[in-house]
Amino acid sequence: EAGVAQSPRYKIIEKRQSVAFWCNPISGHATLYWYQQILGQGPKLLIQFQNNGVVDDSQLPKDRFSAERLKGVDSTLKIQPAKLEDSAVYLCASSPQGEQFFGPGTRLTVL
Amino acid sequence: GNSVTQMEGPVTLSEEAFLTINCTYTATGYPSLFWYVQYPGEGLQLLLKATKADDKGSNKGFEATYRKETTSFHLEKGSVQVSDSAVYFCALSEFGNEKLTFGTGTRLTIIP
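Chains H and E are the protein sequences, given in the same order. Its first residue numbered 1, the first sequence is counted upward by one per residue in my numbering. Its first residue numbered 1, the second sequence is counted upward by one per residue in my numbering.
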């Protein structure tokens with residue numbers, strides 16, 4: 001069974017630029033999560049989707065971050081414009097119900 | 001709100017040593033508790049979990065017991081191997097909600 005796929009694996013941008021991350025969850029998993037993991041900290045939930053609807057986006061900085069999950073499958077997370085403090089690993093996870101399965105993450109560096 | 005406090009790292013041990021990584025939590029209600037592991041270059045993987053008080057989760061020689069009276073879920077292994085070198089995260093989720101709250105992680109290095 002294929003795992004959660006994420007791309008790109010690494011991205012370097014300058015502040016004020018835009019960036020987008022892509023996630024392809026495990027087939028059949030209804031729930032999809034995006035986490036932000038800043039160096040030295042644990043992952044923090046940004047947004048949770050159930051199929052293509054948002055369940056929880058209370059921790060998403062909506063002035064600069066946006067996410068969508070079209071057709072309840074793939075998802076994209078966008079940052080526009082990026083700030084230095086957005087440097088982190090962005091993790092995508094999916095779940096059928098219960099256990100979450102994580103992708104390898106996208107490491108973002110904002111210069 | 002919910003929170004998880006983990007023993008700070010990094011932790012360095014010799015092969016075959018006994019391992020304990022402390023984890024305590026604050027939560028309303030009755031959370032489920034988890035240990036996740038992140039091997040170098042890989043994504044987070046669920047190592048073990050416990051869903052109610054006094055439950056013991058176990059996997060790959062690791063164990064952790066859900067202690068409601070001390071709000072703890074310490075990770076233990078009797079004899080560590082070099083291949084156990086990784087970052088370990090303690091986490092919780094509230095009953096009826098899959099959202100995970102993570103600790104800061106503990107980096108473990110095992111030397112031969």
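Some clues are possibly wrong.
Here are the simulated lysine-lysine pairs, DSBU-like style, with alpha carbons at most 30 Å apart [stated by the list, open to error]:
no.: 1; chain 1: H; residue 1: K83; chain 2: H; residue 2: K62
no.: 2; chain 1: E; residue 1: K99; chain 2: H; residue 2: K11
no.: 3; chain 1: H; residue 1: K11; chain 2: H; residue 2: K71
no.: 4; chain 1: H; residue 1: K44; chain 2: E; residue 2: K99
no.: 5; chain 1: E; residue 1: K99; chain 2: E; residue 2: K60
no.: 6; chain 1: E; residue 1: K52; chain 2: H; residue 2: K83
no.: 7; chain 1: E; residue 1: K77; chain 2: E; residue 2: K60
no.: 8; chain 1: H; residue 1: K11; chain 2: H; residue 2: K78
no.: 9; chain 1: E; residue 1: K77; chain 2: H; residue 2: K62
no.: 10; chain 1: H; residue 1: K44; chain 2: H; residue 2: K11
no.: 11; chain 1: H; residue 1: K62; chain 2: H; residue 2: K11
no.: 12; chain 1: H; residue 1: K71; chain 2: H; residue 2: K44
no.: 13; chain 1: H; residue 1: K15; chain 2: H; residue 2: K78
no.: 14; chain 1: H; residue 1: K62; chain 2: H; residue 2: K44
no.: 15; chain 1: H; residue 1: K62; chain 2: E; residue 2: K60
no.: 16; chain 1: E; residue 1: K77; chain 2: E; residue 2: K52
no.: 17; chain 1: E; residue 1: K56; chain 2: H; residue 2: K44
no.: 18; chain 1: H; residue 1: K11; chain 2: H; residue 2: K83
no.: 19; chain 1: E; residue 1: K52; chain 2: H; residue 2: K78
no.: 20; chain 1: H; residue 1: K15; chain 2: H; residue 2: K83
no.: 21; chain 1: E; residue 1: K99; chain 2: E; residue 2: K56
no.: 22; chain 1: H; residue 1: K78; chain 2: H; residue 2: K44
no.: 23; chain 1: H; residue 1: K62; chain 2: H; residue 2: K15
no.: 24; chain 1: E; residue 1: K77; chain 2: E; residue 2: K99
no.: 25; chain 1: H; residue 1: K83; chain 2: E; residue 2: K60
no.: 26; chain 1: H; residue 1: K78; chain 2: E; residue 2: K77
no.: 27; chain 1: E; residue 1: K56; chain 2: E; residue 2: K77
no.: 28; chain 1: H; residue 1: K62; chain 2: H; residue 2: K78
no.: 29; chain 1: H; residue 1: K15; chain 2: E; residue 2: K60
no.: 30; chain 1: E; residue 1: K60; chain 2: H; residue 2: K71
no.: 31; chain 1: E; residue 1: K68; chain 2: E; residue 2: K56
no.: 32; chain 1: E; residue 1: K68; chain 2: E; residue 2: K52
no.: 33; chain 1: E; residue 1: K99; chain 2: E; residue 2: K52
Hint data in this document are derived by calculation from the structure and do not stem from the laboratory. None of these values were measured; they are calculated from a predicted model.
#### Entry: Non-conforming hints, listed in increasing numerical order
6, 9, 15, 19, 25, 26, 29, 30
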